[in-house]
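J.: Here is how the chains run, residue by residue.
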Amino acid sequence: MARPDTGPAPASEPELRVLAIESSCDETAVAVVEGGRAIAASVVASQTPLHAPTGGIVPEVAARAHLRWMLPVLDEALVRARLSSPADVDAIAVTNGPGLAGSLLVGLSMAKTLAFLHDRPLVAVNHLEGHIHAAWLHTSGETRPTPAFPAVALVVSGGHTLLVEMQGPLEYRLLGRTVDDAAGEAFDKVGRMLGLPYPGGPAIQRAAAAWATDGHPGAGDRAPRDEPSALPRAWLGDTLDFSFSGLKTAVRRRLFEACGGTADDGVAIPADLVGDIATAFQASVVDVLATKTALATERIEARSMIIGGGVAANVSLRAAMAERAAALGVDLVIPAPSLCTDNAAMIGAAGSQRFLAGERAGLDLGASPSLRLAVAR
Amino acid sequence: MGDLLLAIDTATSRAVLAVGSLADGTPRAMDAWPGGHAHAETILPRLATLLSTSGVRLDVIGGFVVGVGPGGFTGLRVGLATAKTLAHGLGRPIVGIGTAEGLAAAVGLHGPATVILPAGPRDRYLVPLGVGAAGPRLLAPAALEAWLADPANDRSSLVAVDLDDPAIPDEARRRGASALDGLAPAMLGLGAAALAGGRADDVAALVPAYVTLPRGIAPWQGGVAWSPDLR
Ligand SMILES: [Zn+2]
Numbered sequence: 001m002a003r004p005d006t007g008p009a010p011a012s013e014p015e016l017r018v019l020a021i022e023s024s025c026d027e028t029a030v031a032v033v034e035g036g037r038a039i040a041a042s043v044v045a046s047q048t049p050l051h052a053p054t055g056g057i058v059p060e061v062a063a064r065a066h067l068r069w070m071l072p073v074l075d076e077a078l079v080r081a082r083l084s085s086p087a088d089v090d091a092i093a094v095t096n097g098p099g100l101a102g103s104l105l106v107g108l109s110m111a112k113t114l115a116f117l118h119d120r121p122l123v124a125v126n127h128l129e130g131h132i133h134a135a136w137l138h139t140s141g142e143t144r145p146t147p148a149f150p151a152v153a154l155v156v157s158g159g160h161t162l163l164v165e166m167q168g169p170l171e172y173r174l175l176g177r178t179v180d181d182a183a184g185e186a187f188d189k190v191g192r193m194l195g196l197p198y199p200g201g202p203a204i205q206r207a208a209a210a211w212a213t214d215g216h217p218g219a220g221d222r223a224p225r226d227e228p229s230a231l232p233r234a235w236l237g238d239t240l241d242f243s244f245s246g247l248k249t250a251v252r253r254r255l256f257e258a259c260g261g262t263a264d265d266g267v268a269i270p271a272d273l274v275g276d277i278a279t280a281f282q283a284s285v286v287d288v289l290a291t292k293t294a295l296a297t298e299r300i301e302a303r304s305m306i307i308g309g310g311v312a313a314n315v316s317l318r319a320a321m322a323e324r325a326a327a328l329g330v331d332l333v334i335p336a337p338s339l340c341t342d343n344a345a346m347i348g349a350a351g352s353q354r355f356l357a358g359e360r361a362g363l364d365l366g367a368s369p370s371l372r373l374a375v376a377r
Numbered sequence: 001m002g003d004l005l006l007a008i009d010t011a012t013s014r015a016v017l018a019v020g021s022l023a024d025g026t027p028r029a030m031d032a033w034p035g036g037h038a039h040a041e042t043i044l045p046r047l048a049t050l051l052s053t054s055g056v057r058l059d060v061i062g063g064f065v066v067g068v069g070p071g072g073f074t075g076l077r078v079g080l081a082t083a084k085t086l087a088h089g090l091g092r093p094i095v096g097i098g099t100a101e102g103l104a105a106a107v108g109l110h111g112p113a114t115v116i117l118p119a120g121p122r123d124r125y126l127v128p129l130g131v132g133a134a135g136p137r138l139l140a141p142a143a144l145e146a147w148l149a150d151p152a153n154d155r156s157s158l159v160a161v162d163l164d165d166p167a168i169p170d171e172a173r174r175r176g177a178s179a180l181d182g183l184a185p186a187m188l189g190l191g192a193a194a195l196a197g198g199r200a201d202d203v204a205a206l207v208p209a210y211v212t213l214p215r216g217i218a219p220w221q222g223g224v225a226w227s228p229d230l231r
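Protein chains in written order, with the working numbering: chain A, 1 to 377; chain B, 1 to 231.
Any given hint might turn out to be false.
What the hints assert, rightly or not - If you only want the chain A side, here are some residues facing chain B, beta carbon under 10 Å, derived:
#, residue
1, 68
2, 71
3, 74
4, 85
5, 102
6, 145
Everything labelled a hint here was simulated from the structure, so no lab data went into it.
Backbone N, C-alpha and C define an ideal beta-carbon position, used for all residues, glycine too.
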């Protein structure tokens, strides 16, 4: 079948104003998106400080914090968007999955109650498509490139790692996914082994950057600064699937060999070794993500690459993707780092598309903790 | 200002919605159904039906009372999120009432009493009520049996809800069944009294009653990190 030269562009309705709510994990977020792409307001209350002492999200604590912060976040978003009431929007979009059941229920209940109270249409949005649609967002006055179809989208976060083919704004086909840990989860776990603070992603990036620029006193006979030790990459043949558990095990093995244990076991890891492993680990993850995304782009003859999810905020991944995109001659669209991590503006962008496509959810909409975005064909 | 009170409780096996007099809680319309784990799917459609069949418009609701548990997590999250959003959106006062207090009041116990509720499949919430009563506790099965066997504990004002543990006296279980039947009017009464007494809770800060936290988690009082303005 001949492939159209350009896919369908996302629908646009300049006057459309969508209130969006996201609470699938540990960020309570409300946004107002106009014309499907412009951020009129995006407010995120992050529970990261709350979960830092346990080094991970405790679902009970997360759901309770959503309940505590949902109304202040809503109010703040309305003020920033200069709206006096949720009645002043055309639709309400909400994440109904995937995510933590208890967390999803809070945002979902608020969204549905607002829709009921103000008699506004309700639209259900998949959190993963939200991460992809963040690529279309811009702040007021800013112009950003529009991803062309067909597109390959890599969603990479603490809970997800998947590659998706898009022939249109709401047409998803699964190309590959992680068979074990999500990339962001591997960052968190390796961060803990190295004794770095939660969340692991930014901490590992900082440790690697510091190691590259500051050198590593006391490195002794270990690899010199410009050559971090190598860690394995799981290619899984020529599939577009990912695996990060072997890499995590390799880090553990190295720490046991060098220090007799990990920071998880209370062992102090020398700073130069932390920097070396952080660098090697990040390089391995980035190499696999970039290589498979490039491979997918070639396979489906995509015209653009989209990266979304919290790990897309990683500077080294962004640089590697830019190189691959340039080599392939395709567009690369990565949202600003603040729109890569969980936020509601991305739900507003995807929700605008679903609203314009005529989709409506009822007041009986439930949470779908393991909602799929797309299935392999 | 409306003159009706809306009550929501989703902490027990039976979700309840009720509309009554804001002045004294006298019921006007009520609905109750098995919440299961489908509170999110059912609560708003049922509220819409309750309001339309009883001819009550939302703007005549002048106040809200919501059960804050302890009880099932799923129900409490949905009930609280719904009640909070309604009260906030309509700009009406809201009070949170302990579900155990409502259950005890439903069987005429307004002083010292003890309510036992399920806390997951095996553990139980033990909620002592009355002036100076200690806070709710989470009991493992053996601890509950020990509590029940201790003659120092008054079993005549024991209310066991949603439980068929053999160690629990039949009378307490019967009281529990009656308490569930009377929960909606009891919440209306307690809510109306609280609001009439000038109480109004901070709608944003209202969260379910905490009994225990997962192991290793300390109660948390701090804030969250707010995003910079992305407008
Ligand atoms: Zn996410």
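J.: Indicate, hint by hint, whether the structure satisfies it.
T.: Hints and how they fare:
1. Look at residue 68 of chain A: its Cβ gets to within about 5 Å of chain B, closer than 10 Å, so that hint holds up.
2. Evaluation of the residue 71 of chain A hint against chain B yields a held restraint, the C-beta minimum of about 4 Å falling below 10 Å.
3. About 8 Å separates the beta-carbon of residue 74 of chain A from the nearest beta-carbon of chain B, less than 10 Å, and the hint is met.
4. The closest approach between the C-beta of residue 85 of chain A and any C-beta of chain B is roughly 8 Å, which is under the 10 Å cut-off, so the hint is satisfied.
5. A distance limit of 10 Å between C-beta atoms decides the matter here; for residue 102 of chain A the minimum to chain B is near 6 Å, and the interface restraint holds.
6. Taking 10 Å as the C-beta cut-off, the interface hint given for residue 145 of chain A is violated, the closest approach to chain B being about 19 Å.
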